[in-house]
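Trainee: As they're listed, the protein sequences go chains W and Z.
Numbering-wise (the working numbering), the first sequence opens with residue 1 and increments by one.
Numbering-wise (the working numbering), the second sequence opens with residue 1 and increments by one.
FYI, nobody ran anything at the bench for these hints, they're computed from the structure.
Warning: the hint list may mix true and false statements.
To be verified - Each pair of labels, with its calculated beta carbon distance range:
| id | chain 1 | residue 1 | chain 2 | residue 2 | range |
| --- | --- | --- | --- | --- | --- |
| 1 | Z | Arg181 | W | Pro51 | 18 to 28 Å |
| 2 | W | Ser332 | Z | Glu150 | 39 to 49 Å |
| 3 | W | Pro51 | Z | Lys126 | 46 to 56 Å |
| 4 | Z | Asn129 | W | Gln179 | 50 to 60 Å |
| 5 | Z | Asp218 | W | Ala92 | 35 to 45 Å |
| 6 | Z | Ala298 | W | Lys166 | 41 to 51 Å |
| 7 | Z | Ser283 | W | Asn183 | 57 to 67 Å |
What the hints assert, rightly or not - Output of the computed footprint for chain Z on chain W, the stretches with three or more beta carbons under 8 Å from beta carbons of chain Z:
| id | stretch |
| --- | --- |
| 8 | 29-38 |
| 9 | 50-59 |
| 10 | 79-90 |
| 11 | 202-208 |
For glycine and all other residues, C-beta sits at the position ideal for the given N, C-alpha and C.
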Amino acid sequence: MSERIIKYTEALKEAADQMLAQDPKMFIVGLGVSYKNGADGTTAGLAQKYPGRVLDTPVSENAVTGMAVGAAINGLHPLVHHGRIEFALLAADPMFTQAAKWNYMFGGGNPVPIVLRINVGRQWGNGPQHTQSLYAMFGSVAGLKVVVPSTPKMAKGLLVAALKDKNPVVLLEPRWLFQLKENVPEEMYDVPLDKARVVKEGSDITVVSYGDGFVAVLEALELLPKDVSVELIDMVSLSPIDHDAIARSVAKTGRLLTVDTTTPAFNVGSEVIAEVARRAVVLKGAPQSLSCPLVPCPTSTALTAEYYPTKVDIVGTICKMLGKPAIERELSFEELHLPPGRTL
Amino acid sequence: MDLLGAYRKMFLIRAAEEELAALYLREKIMSFVHFYVGQEAIAVGVCDQLKEEDRVMGNHRSHGHYLARGGDLKAMVCELLGKEGGSSKGKGGSMHMIDKSVGFVGSTPILGSVTPLAAGTAFERKYNNTGGVSVVFIGDGASEEGVVYETMNLAGLYKLPLLIVIENNLYSVNTTLSERRTAGYDVQKVVEGIGLNYRRADGNDYHDVAAKAGELIDGVRAGTPAVLECITYRHMAHSAPIMDESVRKEDTLDVRKEKDALKRVRDELIAQGDQAGIEAAESQIKAHVLDAISFAQAAPYPAKESLYTHLYE
Ligand SMILES: Cc1ncc(C[n+]2csc(CCOP(=O)(O)OP(=O)(O)O)c2C)c(N)n1
Ligand SMILES: [Mg+2]
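When you get a sec, could you build the whole thing from the sequences and use the hints?
Mentor: Right, dumping it as structure tokens:
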């Protein structure tokens, strides 16, 4: 397949573009999706290319999302975009209580082929009401498939798979990753919605993460002492969680660390650790999870510097779990506060 | 009426926003920001009708509402710069203004959702029979959220002393009214149909805003909640100090300059013969703004430990 280096946002746009071209039932709705650089660039140019199928909306998330659910029930394939997870919460009823329940409560045969692309807003200065990492909340709702793309390549493949699926699929997209670049196949492809990825094989410890937590782990790997062998798993799916893949790895390494950017209560890592315990996987030491503290994300950089787990925190935790000395490293302002623009 | 006093407040908002916009362009200021330049006559025209015990709430674009109500400038700039001395101790940032000492009881950026909260502040007044009204500033975009109409009905039903000010600057980000509403969309009919009072004011005209806000607030105090819709122009881009002329439809740069609310009041004051007085006030206010900015730049950041404080009282 021909590849070229594109950004996370461009990969999402390309998936939508290719699916709009092949699926006449698909349409896109959301605030600003028809702009020149719509939805952070993820819908750029699509309104011009597909007239009448990429619709800007009034500021009415509940009605817009509900309308999309109704259209999906009747066979259309809506892609709904919400620019922050908090805006999507105004549509909690059509997402959680209508779309997620419809097929089940009517005894099957009533699929809701809707895709919700929801932006999780970690970014400089966005503060308590624009940055909530409610990953676990979506994962806890039966009837939704929930995925988190961690790289541009995954973003494209997951969005294509979501748009082909018959059921409600939620893509929780960490804004923090929007500038990441990667070699992404030009052709349309999809990746499974329910499978974790072993991104790197190793023997000392299994690190399980997703989204911006996953990218922090990638950064941490570059700082780790060379004699530490990490097996890195990208969860990809939060509903369902691919517990088999995780248990297989932990059975091999005997150590488990989970890393994410949610609060530590009712958290994704806790869910992973609980299932490893239920399966009685034999461990060489207590499993650990690294997340944010149980407070809202503040706005001041003096405080956000302390809020998110960094690559240094991750290295420190891994070293501690392996009984090795921690490394000393001061992070620059850019490393702490500006999203990564690296090429993977 | 003290027109020079009103001009001073409008000029304070304008000068503060312009200096802060320049600062944003010069330095990395890590607080998501929406500037109020162009809409000053609304905040000042409405707040000038309020009494000390009245309450004000706002939205994502609330620097102007906060300053018009008399909020502390240094605390506001500190908040934008993420400093300990900020109005929310650095935790909230630009979208979370508060100064309860002057009755500004909070601003939040989730569109529409501040409207029922403001109704609640009015409910408390009625419940405790203490008098006083509540005013909430929202945008034309926010007014499309269903909860705003639910709140109008609720406020009317419970006869809450609430004034909803819709600052209609013609856009939600870059989306025009006609891209979001039916051709016959009539705010007046909707509001009056629910049973609330309604006035439409020229939001670029201090006198018109002040007069209509005054009429409505008399009714609000007597138990009929109301909506004041002010048509205005936002001079800067939606969320950044840069300009966005390519998306403007009727409110082009020339039109904005010509109808500028500050210019109108200033011309009127000059015609009354006090050019020297105005210029003196302007340079004094500018110095005050620059002083607040240097103060905030030199002010300390919050201690790391404060990440964990204030979750509960
Ligand atoms: C519930 C919700 N949806 C979307 C947004 C994103 N957003 C922030 S400001 C804005 C435009 C709001 O327009 P308006 O209410 O007219 O206020 P203005 O910015 O014009 O002052 C939008 C869509 C939000 N903050 N909250
Ligand atoms: Mg507006």
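Trainee: Starting from the range 50 to 60 Å, see whether the pair Asn129(Z) and Gln179(W) falls in it by beta-carbon distance.
Mentor: Because 56 Å falls inside the window, the suggested range holds.
Trainee: Tell me if the beta carbons of Asp218(Z) and Ala92(W) are separated by a distance inside 35 to 45 Å.
Mentor: holds (39 Å)
Trainee: Check, residue by residue, whether the stretch 29-38 of chain W contains three or more positions whose beta-carbon lies closer than 8 Å to a beta-carbon of chain Z, and give the verdict.
Mentor: With 3 residues close enough to chain Z, the hint holds.
Trainee: Using the C-beta atoms of Arg181(Z) and Pro51(W), is the stated range 18 to 28 Å upheld?
Mentor: holds (21 Å)
Trainee: For the stretch 50-59 of chain W, do three or more residues have a beta carbon lying closer than 8 Å to a beta carbon of chain Z?
Mentor: holds (count 4)
Trainee: Starting from the range 41 to 51 Å, see whether the pair Ala298(Z) and Lys166(W) falls in it by beta-carbon distance.
Mentor: At roughly 60 Å between Cβ atoms, Lys166(W) and Ala298(Z) fall outside 41 to 51 Å, so the hint is violated.
Trainee: Is it true that the C-beta distance of Ser332(W) to Glu150(Z) lies inside 39 to 49 Å, as the hint says?
Mentor: holds (48 Å)
Trainee: Quick check: does the Cβ-Cβ distance between Ser283(Z) and Asn183(W) fall within 57 to 67 Å?
Mentor: holds (58 Å)
Trainee: Okay, Pro51(W) versus Lys126(Z) on CB: inside 46 to 56 Å?
Mentor: holds (51 Å)
Trainee: Test coverage of the stretch 79-90 of chain W by chain Z using CB-CB distances below 8 Å; three residues minimum.
Mentor: n = 3 at 8 Å, threshold three: holds.
Trainee: Tell me if chain Z covers the stretch 202-208 of chain W under the three-residue, 8 Å CB rule, please?
Mentor: This one is violated; 0 residues, fewer than the three required, reach chain Z with a Cβ under 8 Å.
Taken one by one, the earlier hints fail for this structure at numbers 6, 11, listed in ascending order.
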